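**Q** Let the sequences and hints guide you as you build the complete structure.
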Amino acid sequence: MLKKRIIPCLDMKGGRVVKGVCFESLTDAGDPVETAALYDRMGADELCFLDIGASVENRGTLFEIVEQTASRVFLPLTVGGGIRTTDEIRKALNAGADKVSLNSAALSRPELLTEGAIRFGSQCIVLAVDVKREGESWRVYSHGGTRPTDRDALEWIVEGARRGAGEILLTSMDRDGTKTGYDTDLLRAVSRAVDVPLIASGGAGSLDDFRLAFESGADAALAASLFHFGTVDLRDLRRFLFGQGLAVRPPMDTFSPGDDRG
Amino acid sequence: MPASPRTCVIDYDMGNIHSVSKALEASGHRVRVVASPEEMAAESPTHLVLPGVGAFGEGKIRLEQKGWIPVLERWLKENRPFLGICLGMQLLFERSQEFGTHQGLGFFSGEIVPFDPSRGKVPQIGWNEVVRKGTHPLWTALPERPDFYFVHSYRVRTSDTGLVLGETDYQGLYPSMVGRGRVAAVQFHPEKSQSAGLKLLENFGGL
Numbered sequence: 001m002l003k004k005r006i007i008p009c010l011d012m013k014g015g016r017v018v019k020g021v022c023f024e025s026l027t028d029a030g031d032p033v034e035t036a037a038l039y040d041r042m043g044a045d046e047l048c049f050l051d052i053g054a055s056v057e058n059r060g061t062l063f064e065i066v067e068q069t070a071s072r073v074f075l076p077l078t079v080g081g082g083i084r085t086t087d088e089i090r091k092a093l094n095a096g097a098d099k100v101s102l103n104s105a106a107l108s109r110p111e112l113l114t115e116g117a118i119r120f121g122s123q124c125i126v127l128a129v130d131v132k133r134e135g136e137s138w139r140v141y142s143h144g145g146t147r148p149t150d151r152d153a154l155e156w157i158v159e160g161a162r163r164g165a166g167e168i169l170l171t172s173m174d175r176d177g178t179k180t181g182y183d184t185d186l187l188r189a190v191s192r193a194v195d196v197p198l199i200a201s202g203g204a205g206s207l208d209d210f211r212l213a214f215e216s217g218a219d220a221a222l223a224a225s226l227f228h229f230g231t232v233d234l235r236d237l238r239r240f241l242f243g244q245g246l247a248v249r250p251p252m253d254t255f256s257p258g259d260d261r262g
Numbered sequence: 001m002p003a004s005p006r007t008c009v010i011d012y013d014m015g016n017i018h019s020v021s022k023a024l025e026a027s028g029h030r031v032r033v034v035a036s037p038e039e040m041a042a043e044s045p046t047h048l049v050l051p052g053v054g055a056f057g058e059g060k061i062r063l064e065q066k067g068w069i070p071v072l073e074r075w076l077k078e079n080r081p082f083l084g085i086c087l088g089m090q091l092l093f094e095r096s097q098e099f100g101t102h103q104g105l106g107f108f109s110g111e112i113v114p115f116d117p118s119r120g121k122v123p124q125i126g127w128n129e130v131v132r133k134g135t136h137p138l139w140t141a142l143p144e145r146p147d148f149y150f151v152h153s154y155r156v157r158t159s160d161t162g163l164v165l166g167e168t169d170y171q172g173l174y175p176s177m178v179g180r181g182r183v184a185a186v187q188f189h190p191e192k193s194q195s196a197g198l199k200l201l202e203n204f205g206g207l
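Keeping their order, the protein sequence lines are chains A and B. Sequential numbering from 1 applies to the first sequence in my numbering. Sequential numbering from 1 applies to the second sequence in my numbering.
If you are wondering where the hints come from, they were derived from the structure by calculation, not from laboratory data. Among the hints, erroneous ones may be present.
[Unchecked claim] In silico negatives: residues of chain A with every beta carbon more than 10 angstroms from chain B:
#1 3
#2 5
#3 13
#4 16
#5 33
#6 71
#7 72
#8 76
#9 82
#10 95
#11 139
#12 151
#13 173
#14 233
#15 244
#16 246
[What the hints assert, rightly or not] Taking beta-carbon pairs under 7 angstroms as the criterion, some of the chain B residues facing chain A (in silico):
#17 18
#18 22
#19 37
#20 125
#21 126
#22 127
#23 128
#24 149
The structure displayed is predicted, hence computed values, not measured ones. Beta carbons: idealized from backbone N, C-alpha and C, even for Gly.
**A** As structure tokens, this is what we get:
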């Protein structure tokens with residue numbers, strides 16, 4: 001049976017992890033490669049790098065970081081933030097990324113989803129969507145959630161999947177940073193609307209929030225600061241979900257964060 | 001200690017080979033990426049890896065164009081250590097139904113058929129169990145049903161059950177690890193499967 005996935009997300013700016021990562025065992029809390037290696041040892045199912053300071057000058061730095069990470073850490077990597085062309089998708093994949101996440105670029109030119117899917121396969125094209133609730137529906141925002149668009153979330157996600165996106169990374173801006181749990185209404189609505197895998201993002205604050213997300217149709221759940229600040233320990237989370245009978249990979253062998261294996 | 005395997009990874013423009021090479025290195029292989037049979041001959045490898053992500057027909061054409069087919073056929077026939085990964089597994093079989101019917105290398109009997117989108121999400125993306133079938137050195141020191149990372153829309157169907165080293169359940173059981181002698185292949189990505197994946201690549205080095 002296919003397992004539900006837990007995905008720590010590293011938000012980066014200028015080649016450094018932002019939002020702070022608090023682990024005593026990390027000598028350099030802003031180093032994305034070191035952070036990725038630690039999450040790998042703690043049992044992440046996948047990792048996501050999002051370049052939130054996305055500027056053209058930083059592209060090369062991001063790809064170098066991906067390449068260094070893929071040389072040390074052997075798990076799936078998704079890379080996003082400012083990727084606008086199939087050539088940039090190719091560079092990210094060649095650097096060792098398994099998937100790229102497209103957001104504003106797909107909104108301004110939806111054909112990019114199709115071009116990427118035809119050239120590299122839809123399995124590596126992730127459509128990232130930032131949404132805010134308005135009554136009974138959700139509105140899509142672009143440019144890191146700063147600009148409202150005229151698109152309805154469900155319509156855009158259905159269109160994105162039809163155009164070639166192989167996975168949806170869905171962030172609830174209402175919940176992001178609140179630690180009040182994922183928006184389960186949103187997850188249920190989207191998982192009913194499309195057949196591609198769905199990654200829940202925004203709002204995780206406790207172990208049980210992950211269970212609720214998975215039971216609401218999410219195939220994977222992503223979180224950033226929750227893991228960075230140690231509010232939830234990945235190993236505890238895996239043990240909890242496994243104990244609840246959810247289809248997750250079994251808990252890893254005991255590992256102490258001071259251990260430098262791998 | 002036996003000398004480390006000298007392993008060539010075939011680059012035929014079907015997907016990124018960076019991760020495969022790095023994972024092999026981390027598993028004790030000395031790795032060279034080769035883009036032509038001539039480059040491979042110059043390395044006189046002990047082990048050969050055919051990775052690949054993408055469409056079956058396209059992969060077969062690229063192997064043909066670069067002159068790989070006779071080289072691969074001889075290597076497989078001589079039962080030399082070989083590992084096919086993902087598309088590199090599927091190409092070992094007789095034919096595929098991906099975008100029309102395409103002929104594969106036909107080294108193993110069986111065909112490549114699509115998952116059914118009406119029976120669940122396609123592609124299969126994520127971690128799934130591989131349940132051990134039979135005995136093979138590739139399984140050394142691995143659990144009975146380890147999780148590996150999968151990304152694919154097509155799968156193997158074969159009546160040659162002796163070939164099947166591992167099975168995975170997605171829309172029913174299908175062969176996710178096959179092999180005979182020193183020729184083996186996996187549908188999943190060992191290079192993305194953390195410690196279980198590295199162990200399997202290390203075991204391959206011992207073939």
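**Q** Run the structure past the numbered hints and jot down the numbers of the failing ones, going up.
**A** Violated hints: 1, 2, 6, 7, 8, 10 and 19; rest satisfied.
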